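Participant: Residues per chain are reported as follows:
Number of protein chains: 2
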Amino acid sequence: MSRRTFPLDALALDRTSRAPLHRQLYLALKTLIQERTLPPETALPSTRSLAHDLRIARNTVSAAYDQLVTEGYLANRAGARPLVIDLPAVPLAASPGSAREAHYPLSCRGDLMMRQPFHYGSPGHMAFHPGMPDASNFPFGLWSRLLARRASFARDTLFGTYNVTGHPDLRNAIAAYLKTARGVRCSPEQIVVTTGAQAGLDLLARILLDPGDSVWMEEPGYYGAQSAFIAAGARLLPLAVEGGDWQLDPPADKRLRLIYVTPSCHHPLGGTMRMEQRLRLLEIAENRKAWIIEDDFDGEYRFQGQPVPAMQGFDHAQRVIYVGTFAKILFPALRLGFMVLPPSLQEGIVHAVSITGQFAPLLLQAALADFIDQGHMARHLRRMRRIYASRRHYFHELCGAHLGDWLNLASGDAGIQLTAFLREGLADTAVAEAARRRNVNLSPLSMHYRHGAPRQGLVMGYAASDASATRRGILTLRETFEACRA
Amino acid sequence: MSRRTFPLDALALDRTSRAPLHRQLYLALKTLIQERTLPPETALPSTRSLAHDLRIARNTVSAAYDQLVTEGYLANRAGARPLVIDLPAVPLAASPGSAREAHYPLSCRGDLMMRQPFHYGSPGHMAFHPGMPDASNFPFGLWSRLLARRASFARDTLFGTYNVTGHPDLRNAIAAYLKTARGVRCSPEQIVVTTGAQAGLDLLARILLDPGDSVWMEEPGYYGAQSAFIAAGARLLPLAVEGGDWQLDPPADKRLRLIYVTPSCHHPLGGTMRMEQRLRLLEIAENRKAWIIEDDFDGEYRFQGQPVPAMQGFDHAQRVIYVGTFAKILFPALRLGFMVLPPSLQEGIVHAVSITGQFAPLLLQAALADFIDQGHMARHLRRMRRIYASRRHYFHELCGAHLGDWLNLASGDAGIQLTAFLREGLADTAVAEAARRRNVNLSPLSMHYRHGAPRQGLVMGYAASDASATRRGILTLRETFEACRA
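Residue numbers (our numbering), protein chains in the order written: chain A, 793 to 1278; chain B, 793 to 1278.
Bound-form chain A, shown alone (with noise of 0.2 Å):
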């Protein structure tokens, strides 16, 4: 291209702009080429022309040819001017509205993943979030202040990729805190903290579990865990729960390699496990050389009597991984789970962890190794488990008087959130819809099944709704149940 016929005019550059003039030519010559009106080949001027046609620095055309080498629209040729290179059409007009769908396919496991059933929840909607705890009770000034305190002495401790596993000021509070308050048994090394109790299955799914092995899963159960089990490649095989009994008669499946229990509260039914039962899942476990996960998600929280031990500390031959969540004694969107290994499996859990980044921030682990440290948590749980006990008192009292036509509560004295059973002939996913267009959000047990017909009932969290949310969730879910009637 000669001097003459090269489209200066295209390539007038705004002094008023803040965008540096360097930047300015980049781009115009980069819209030249890419339109072809600076077709492949093309020799561009030489910096010294082109400086002296647009009247600017020679190093600022020189800057702007550079980065359009480094990214590849120009050759240098040394001592030659440089030459467009010879790129496939780029298409720039599209947007991505516009944009061809691809629809790649995803894969099966992906499509597997996205098909699990779940349960969402938003902000301002939480008469009746099924595991959901008070927010309003809890304490966001003390824990913004230990916050503050950890981020702003940060510095490297709490900056690189450190302890994947878990900080271990908090490693130690868990230890301690479960010793005392659940009866596990274990070192700080045996505990790996990771973003929340789903991480932890999720993980544990993983490195337990291969396509096509067996798992003896809670039914009704988990939704969660049986998702993430589902997602390794693992068939569900049915442990069923029925008025508090886990029936425990051992499947015959061959590849039977865990078994997944909710000892302390059942999820969702409520029931506590017995003593003979842990003991002779133990013994199952132990048999059939499958591991236990004990996913102990709130069994902290019993209004008759105390908290019942977690099965962890009866275990002699290292099979049961206790799973454990900050979700419901601190908040949900925290983010901080936590599980204890046996020992046979501390060595090269931090390159599985590393792998999926199920790992949590380290400011958060060291302002809650706080909280527990100072008491915080203690206090705040004592606290918690009397406006608890009040709040589950009148929902049960409310649910009595406006809901009997509907739905009867099952028995349970634990967890934070309860299960009713629902009239013959009402379905629950339907009553659930009818509830959410009302803004009550519960989940139907239905899908909490992966097995023959599910029961029909409701699954409803009782502990962030006040008196007065309760009763105003609790009339709505009348209205539902006599719209739906209607």
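Everything labelled a hint here was simulated from the structure, so no lab data went into it.
A hint or two may mislead.
Note: identical chains are not told apart, hence a pair may lie in one copy or across any two.
Claimed, not checked - Straight line, CA to CA, 25 Å or less: simulated SDA-like cross-link-like pairs of lysine to any residue: (1) Lys1046 <-> Thr972; (2) Lys822 <-> Gln1069; (3) Lys1081 <-> Asp1045; (4) Lys1081 <-> Cys900; (5) Lys1046 <-> Pro1003; (6) Lys1081 <-> Cys1276; (7) Lys971 <-> Leu1071; (8) Lys1046 <-> Pro1030.
Bear in mind the structure is a predicted one, so any value in this text is a computation, not a measurement.
Position chain B relative to chain A; hints supplied.
Facilitator: Same frame as chain A, now just chain B:
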């Protein structure tokens, strides 16, 4: 058991203890049952009689009995005294250390995951940890104030399991940042915030790949990505990268589903992919119906000219998934990354993410949104670019002056780490191990290869070390090499 033979002495209660009397009584009775001092079928004394003998309130005895009934040690009988349940013997004495080692098997996948390469660091040990940004210049005071402000007004918006795919403020901030800084075109809805880039890679591996599928993966390449694909059951096909060139001869493999590249700044060699190759790669992906993961792990740091725009901006067939991280711009322990999904993947992703628990704490997300929106991130980035440019220059200089006998730095203008090739005859793992013993942290280049004979080299982060730390580190490395020779 008669009143006379009942072991009352073993129930001596300590009235000065802080433990409530009912708790003491419960623990003492439980021990007697576990030890079989109270054998199965023993009828315990009535609450009235035991209360009288122990000189405590009858309620106290009832509370202890109730707890034992809940836990399954005692059976209540209507109108009669409670009976000790016949339990299998519970081993009590074993401590975790003396426990029988069960060695239950891991899954093959678990075994594979635990054998993947992993490079760890520790605080106060930062010269020359690859990929580590600088801690001393991070505005922790400001960060602490942003956190504290969001935490103290948290209430329920930062509390529950909401916004699993990301806090709306952060998704908006990221979309705006990516548009101007990285040339990425996306709506906030396409962004999924994860617990770091690794979590994003792990999640993508699972939803895009089935066991047996193939990934065309940079060789050498980022070992974290390689491990995530292997953990998902995929086979790696080498996409050779040499001297800043990506060797784009597509593999014949029929199960090719995914292509992984780091076009802005190759990991670990540091080159930038030219426009021609980017377009060719997009074409290959489209022909083969393969997804592309564009991992832009430190595209922000370019020291000659401007950052090169991301490939995602040229993708009109929705086949590019852009993965980013805040580990290098802010700090790794923050554990925040994100991916930009094509619209076709948006639906359903919330189900997949919720299974894995790889979603990040809302509080950190909200504070980061403020950090970006208030211009702190852009300011920090500008400042660190200047600091890193000078550190990089100094590192180059010292390497040339002191280590020229043993290594040559690869060329490249981007990134916060540098790769050096070792002189023939030196084994990089041995050098890295010897350096670690001297508190210098670097990773062997060979760990980034999964096929054939790896080149020997060292991957070194220069960004976290100021002039004096760099000098100390380089001199220590010289000692290390001299010792290796000896």
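Participant: Each hint needs a verdict: does it hold in this structure or not?
Facilitator: So, going through the hints one by one against the coordinates:
1. Lys1046 <-> Thr972: neither (38 Å within a copy, 57 Å between copies)
2. Lys822 <-> Gln1069: Result: close only across copies, 16 Å inter versus 72 Å intra.
3. Lys1081 <-> Asp1045: Classified as within: same-chain Cα gap 12 Å, cross-chain 39 Å, threshold 25 Å.
4. Lys1081 <-> Cys900: between (30 Å within a copy, 16 Å between copies)
5. Lys1046 <-> Pro1003: Both: 14 Å inside a copy, 22 Å across copies.
6. Lys1081 <-> Cys1276: Neither, since 49 Å and 48 Å both go past 25 Å.
7. Lys971 <-> Leu1071: within (20 Å within a copy, 59 Å between copies)
8. Lys1046 <-> Pro1030: within (15 Å within a copy, 38 Å between copies)
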